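J.: Residue strings, one per chain:
2 protein chains.
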Amino acid sequence: MSEFRGYEKMSLAFLKDNKIKVGDFIKIKSDLTYDGILMPRYEYTDDEHIVLKLKSGYNCGLEINKIKSVELISKKESKIETEPKIQKNSSLPKILLLSTGGTIASKVDYRTGGVTPALSAADLNAYVPELAEITNVDAEVLFSEYSENLMPEHWKKIAERLDSLASSDYKGIIIAHGTDTMHYTSAFLSFALDGYPIPIALVGSQRSSDRPSSDAAMNLIAAANFVLNYNKKGVFVVMHHNESDDLISCHLGTRVRKNHTSKRGAFQTIGGDPAFLVMDKKIKNNLHDEFFKNNDYQPRIKLDTRVALVKYYPGFDGKLIDNLINSGYKAIIFEGTGLGHIGKSMYDYVKNAKAKGLFMGMTSQCMDGRINMNVYESGRDLLEFGITPLSNMIPETALVKAMWALGNCEDIEGMKNLMLENIASEFSD
Amino acid sequence: MSEFRGYEKMSLAFLKDNKIKVGDFIKIKSDLTYDGILMPRYEYTDDEHIVLKLKSGYNCGLEINKIKSVELISKKESKIETEPKIQKNSSLPKILLLSTGGTIASKVDYRTGGVTPALSAADLNAYVPELAEITNVDAEVLFSEYSENLMPEHWKKIAERLDSLASSDYKGIIIAHGTDTMHYTSAFLSFALDGYPIPIALVGSQRSSDRPSSDAAMNLIAAANFVLNYNKKGVFVVMHHNESDDLISCHLGTRVRKNHTSKRGAFQTIGGDPAFLVMDKKIKNNLHDEFFKNNDYQPRIKLDTRVALVKYYPGFDGKLIDNLINSGYKAIIFEGTGLGHIGKSMYDYVKNAKAKGLFMGMTSQCMDGRINMNVYESGRDLLEFGITPLSNMIPETALVKAMWALGNCEDIEGMKNLMLENIASEFSD
Numbered sequence: 051m052s053e054f055r056g057y058e059k060m061s062l063a064f065l066k067d068n069k070i071k072v073g074d075f076i077k078i079k080s081d082l083t084y085d086g087i088l089m090p091r092y093e094y095t096d097d098e099h100i101v102l103k104l105k106s107g108y109n110c111g112l113e114i115n116k117i118k119s120v121e122l123i124s125k126k127e128s129k130i131e132t133e134p135k136i137q138k139n140s141s142l143p144k145i146l147l148l149s150t151g152g153t154i155a156s157k158v159d160y161r162t163g164g165v166t167p168a169l170s171a172a173d174l175n176a177y178v179p180e181l182a183e184i185t186n187v188d189a190e191v192l193f194s195e196y197s198e199n200l201m202p203e204h205w206k207k208i209a210e211r212l213d214s215l216a217s218s219d220y221k222g223i224i225i226a227h228g229t230d231t232m233h234y235t236s237a238f239l240s241f242a243l244d245g246y247p248i249p250i251a252l253v254g255s256q257r258s259s260d261r262p263s264s265d266a267a268m269n270l271i272a273a274a275n276f277v278l279n280y281n282k283k284g285v286f287v288v289m290h291h292n293e294s295d296d297l298i299s300c301h302l303g304t305r306v307r308k309n310h311t312s313k314r315g316a317f318q319t320i321g322g323d324p325a326f327l328v329m330d331k332k333i334k335n336n337l338h339d340e341f342f343k344n345n346d347y348q349p350r351i352k353l354d355t356r357v358a359l360v361k362y363y364p365g366f367d368g369k370l371i372d373n374l375i376n377s378g379y380k381a382i383i384f385e386g387t388g389l390g391h392i393g394k395s396m397y398d399y400v401k402n403a404k405a406k407g408l409f410m411g412m413t414s415q416c417m418d419g420r421i422n423m424n425v426y427e428s429g430r431d432l433l434e435f436g437i438t439p440l441s442n443m444i445p446e447t448a449l450v451k452a453m454w455a456l457g458n459c460e461d462i463e464g465m466k467n468l469m470l471e472n473i474a475s476e477f478s479d
Numbered sequence: 051m052s053e054f055r056g057y058e059k060m061s062l063a064f065l066k067d068n069k070i071k072v073g074d075f076i077k078i079k080s081d082l083t084y085d086g087i088l089m090p091r092y093e094y095t096d097d098e099h100i101v102l103k104l105k106s107g108y109n110c111g112l113e114i115n116k117i118k119s120v121e122l123i124s125k126k127e128s129k130i131e132t133e134p135k136i137q138k139n140s141s142l143p144k145i146l147l148l149s150t151g152g153t154i155a156s157k158v159d160y161r162t163g164g165v166t167p168a169l170s171a172a173d174l175n176a177y178v179p180e181l182a183e184i185t186n187v188d189a190e191v192l193f194s195e196y197s198e199n200l201m202p203e204h205w206k207k208i209a210e211r212l213d214s215l216a217s218s219d220y221k222g223i224i225i226a227h228g229t230d231t232m233h234y235t236s237a238f239l240s241f242a243l244d245g246y247p248i249p250i251a252l253v254g255s256q257r258s259s260d261r262p263s264s265d266a267a268m269n270l271i272a273a274a275n276f277v278l279n280y281n282k283k284g285v286f287v288v289m290h291h292n293e294s295d296d297l298i299s300c301h302l303g304t305r306v307r308k309n310h311t312s313k314r315g316a317f318q319t320i321g322g323d324p325a326f327l328v329m330d331k332k333i334k335n336n337l338h339d340e341f342f343k344n345n346d347y348q349p350r351i352k353l354d355t356r357v358a359l360v361k362y363y364p365g366f367d368g369k370l371i372d373n374l375i376n377s378g379y380k381a382i383i384f385e386g387t388g389l390g391h392i393g394k395s396m397y398d399y400v401k402n403a404k405a406k407g408l409f410m411g412m413t414s415q416c417m418d419g420r421i422n423m424n425v426y427e428s429g430r431d432l433l434e435f436g437i438t439p440l441s442n443m444i445p446e447t448a449l450v451k452a453m454w455a456l457g458n459c460e461d462i463e464g465m466k467n468l469m470l471e472n473i474a475s476e477f478s479d
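Protein chains in written order, with my numbering: chain A, 51 to 479; chain B, 51 to 479.
FYI, nobody ran anything at the bench for these hints, they're computed from the structure. Watch out, some of these pointers could steer you wrong.
Treat identical chains as interchangeable: a pair holds within one or across any two.
[Claimed, not checked] Using 27 Å as the maximum straight-line C-alpha spacing, the simulated BS3-like pairs for lysine-lysine come out as follows:
id: 1; residue 1: Lys125; residue 2: Lys66
id: 2; residue 1: Lys207; residue 2: Lys369
id: 3; residue 1: Lys394; residue 2: Lys380
id: 4; residue 1: Lys59; residue 2: Lys369
id: 5; residue 1: Lys206; residue 2: Lys394
id: 6; residue 1: Lys59; residue 2: Lys401
id: 7; residue 1: Lys369; residue 2: Lys404
id: 8; residue 1: Lys401; residue 2: Lys369
id: 9; residue 1: Lys394; residue 2: Lys71
id: 10; residue 1: Lys207; residue 2: Lys394
id: 11; residue 1: Lys352; residue 2: Lys369
id: 12; residue 1: Lys369; residue 2: Lys206
id: 13; residue 1: Lys103; residue 2: Lys71
id: 14; residue 1: Lys394; residue 2: Lys334
id: 15; residue 1: Lys380; residue 2: Lys369
id: 16; residue 1: Lys369; residue 2: Lys406
id: 17; residue 1: Lys404; residue 2: Lys125
id: 18; residue 1: Lys77; residue 2: Lys332
id: 19; residue 1: Lys126; residue 2: Lys369
id: 20; residue 1: Lys394; residue 2: Lys313
id: 21; residue 1: Lys66; residue 2: Lys116
id: 22; residue 1: Lys116; residue 2: Lys331
Just so it is clear, the structure is predicted and the values come from calculations on it, not from any experiment.
Generate the whole structure from the sequences, applying the supplied hints.
T.: Encoded structure:
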């Protein structure tokens, strides 16, 4: 963060003249006297005010022209962090906690109110002493990124690291991950590590770990109980089921979406209930017994990002499809309307994409339900032009699967076959 | 539909040689003798079979090489339609039923199993004799299109037609509309016809009107009861609440999505309950009393389609933003992750779009919840680059509103102000 973040022109000059930076504790005399920490400024900023966070916790905007004097009480604290010590008990089963960043690995900076990804996996473990009672945790930091910044190359690195541990003595792997794109990562791992010998649980939180209201500890403990007691394969997203602290859901990695921006129970299994629920330390099997074939482990970790997810809407300009072709894309996943439609104005562009050899798959922007392109003329036209209906695969999962399939197939025909094969319960009944 | 739809090479030659077309009733001698209607073919077609629909309703594929003889029993029926007569009762209040097409205005072709939009508004009215008991319906066909083919220019024509009726003696307007994009159209009408003097109800169905299981009649009757008894303003989507025939929802036109591909209760109000429920003939006010300000009628029917809805995902190539700029787009609605984020790899492209004067608004691909770009570094960065957070506006509504605002404002600053003004309850508490 910049030392003068959000300040400009008059307010910036004022701070520089008075040698004050964001985070400093200062005393201002104006109509009254104010003690507080200089805050960064964000949206709708004017240059005529500075903002202090008072001891009460309130932020207070002060007009520069009315300020009579400024006094620096103390500079911004720089933190000295010590790596917390973890007691290990070698008689307990081992799990690996792999951290990629995200809120679950973040701390609130109470001085500025912002959240930054600063927590190591070891910190995390230390925040949750209950873990040490049930398992022997090895902690490893792979990245420290919010998940909106995680890219397909990060998915690949996670998969490669896990592949290198396929013969380890871990009972399971927990991946701490930002929630924003956790369901994209879980989908990739489901395909790339098909048949991985031990369960993989992605865990995030909607409130940072050092907040009293954090969901991090509950989600982590549930994930640990889940991977320790569930003796089968599969990739899961483990998060609060709702606002209650008593119930944690384990969603199939290919059937899950973040469906609320802020609630703790933000994740939902689409088209059904979560695969498992964890209540206290008990695992409730909530659906069928088997989701995954008991495949031998078959890592296919390549991917090819020349795939676009295209959400259709009235007025969508088909020329954007030409742009994709000209930009070298090899596949398009459409998020069509209803049962899997896009308008007639798209037909020529779709035919052209087919002629150029692109794979085109159809999903729906309806949250739930199945593609059926045989009911209406539009759907039948699109089938004829070579668009492949993808049943009830979630659009985000279809995008990730297409990147994965394109990376692991010789040609588009092979890719199409792989797209239609149910690898990791991405199609559900 | 082509007379030989889906047939090619050998199978096409076979049909032409035998002077048989899709829809003909024929007798085939092969291993057995088959009587049935020649069906069109769709997906995964080979050229070695033809398909008959037998009297049992089953489709049967017959291998051409094994066919011993073919006999034409009767050509495809061509239908003779007569316009049904409607009894009018001049003492009843009047409503207008405006048809734009869609399943609600469609018939199943029982010979081929396909659905085609062939029903006039007058047909519709005649299918639902209950309507004539409560209201005097004028019926008018504006278009006969499935809604995946309805474009912003269609929205404009609907709005213009309604504007011309603003001083009529109708108690309300019902618009028969395909379900796929009904929520886009309802959003446009909500903005363009702000303060329209009488209620407007968009009605669709998930099963065509001539099927026993059709939801068309129930939805139409509920919509008529609603516009006759609800003496306020507003644009609503009136559809089954769930699979039951007893409960119909009236959703606010700006807060609704089609969220299931096939169920009758496909539509949902996002972030709350429907505005009204219709049970039998009673209207239950399910939320607040007032959604719409009692504005004077203020038609603003222009629109400008140089707006793109961009769904962000890991691996999204920011160059696609440059493509939009180069293609002349003036505004982008992002469907970001979580609280309103897109990855760092997008930053330079976003800054460039801002420098080029585009409006950029942020919505979330999470189904529910509110944008908050002050929590995380990513959000604050994006605010600083000039992206406008759009609270809990639904992405589709934000797209439509942006097209409307761009068309009705002098400049991007005016557009931004309009985007942040709550016109038709597009922001909810």
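J.: Hints first: check each against the structure and report whether it holds.
T.: Taking the hints in turn, this is what the structure says about them:
| no. | hint | result |
| --- | --- | --- |
| 1 | Lys125 - Lys66 | within (14 Å within a copy, 89 Å between copies) |
| 2 | Lys207 - Lys369 | between (35 Å within a copy, 24 Å between copies) |
| 3 | Lys394 - Lys380 | both (22 Å within a copy, 24 Å between copies) |
| 4 | Lys59 - Lys369 | neither (43 Å within a copy, 32 Å between copies) |
| 5 | Lys206 - Lys394 | between (38 Å within a copy, 19 Å between copies) |
| 6 | Lys59 - Lys401 | between (54 Å within a copy, 20 Å between copies) |
| 7 | Lys369 - Lys404 | both (15 Å within a copy, 23 Å between copies) |
| 8 | Lys401 - Lys369 | both (13 Å within a copy, 24 Å between copies) |
| 9 | Lys394 - Lys71 | between (58 Å within a copy, 25 Å between copies) |
| 10 | Lys207 - Lys394 | between (41 Å within a copy, 19 Å between copies) |
| 11 | Lys352 - Lys369 | between (30 Å within a copy, 23 Å between copies) |
| 12 | Lys369 - Lys206 | between (32 Å within a copy, 22 Å between copies) |
| 13 | Lys103 - Lys71 | within (13 Å within a copy, 79 Å between copies) |
| 14 | Lys394 - Lys334 | neither (48 Å within a copy, 39 Å between copies) |
| 15 | Lys380 - Lys369 | both (16 Å within a copy, 16 Å between copies) |
| 16 | Lys369 - Lys406 | both (15 Å within a copy, 21 Å between copies) |
| 17 | Lys404 - Lys125 | neither (63 Å within a copy, 35 Å between copies) |
| 18 | Lys77 - Lys332 | neither (54 Å within a copy, 63 Å between copies) |
| 19 | Lys126 - Lys369 | neither (52 Å within a copy, 39 Å between copies) |
| 20 | Lys394 - Lys313 | between (39 Å within a copy, 24 Å between copies) |
| 21 | Lys66 - Lys116 | within (17 Å within a copy, 91 Å between copies) |
| 22 | Lys116 - Lys331 | neither (59 Å within a copy, 64 Å between copies) |
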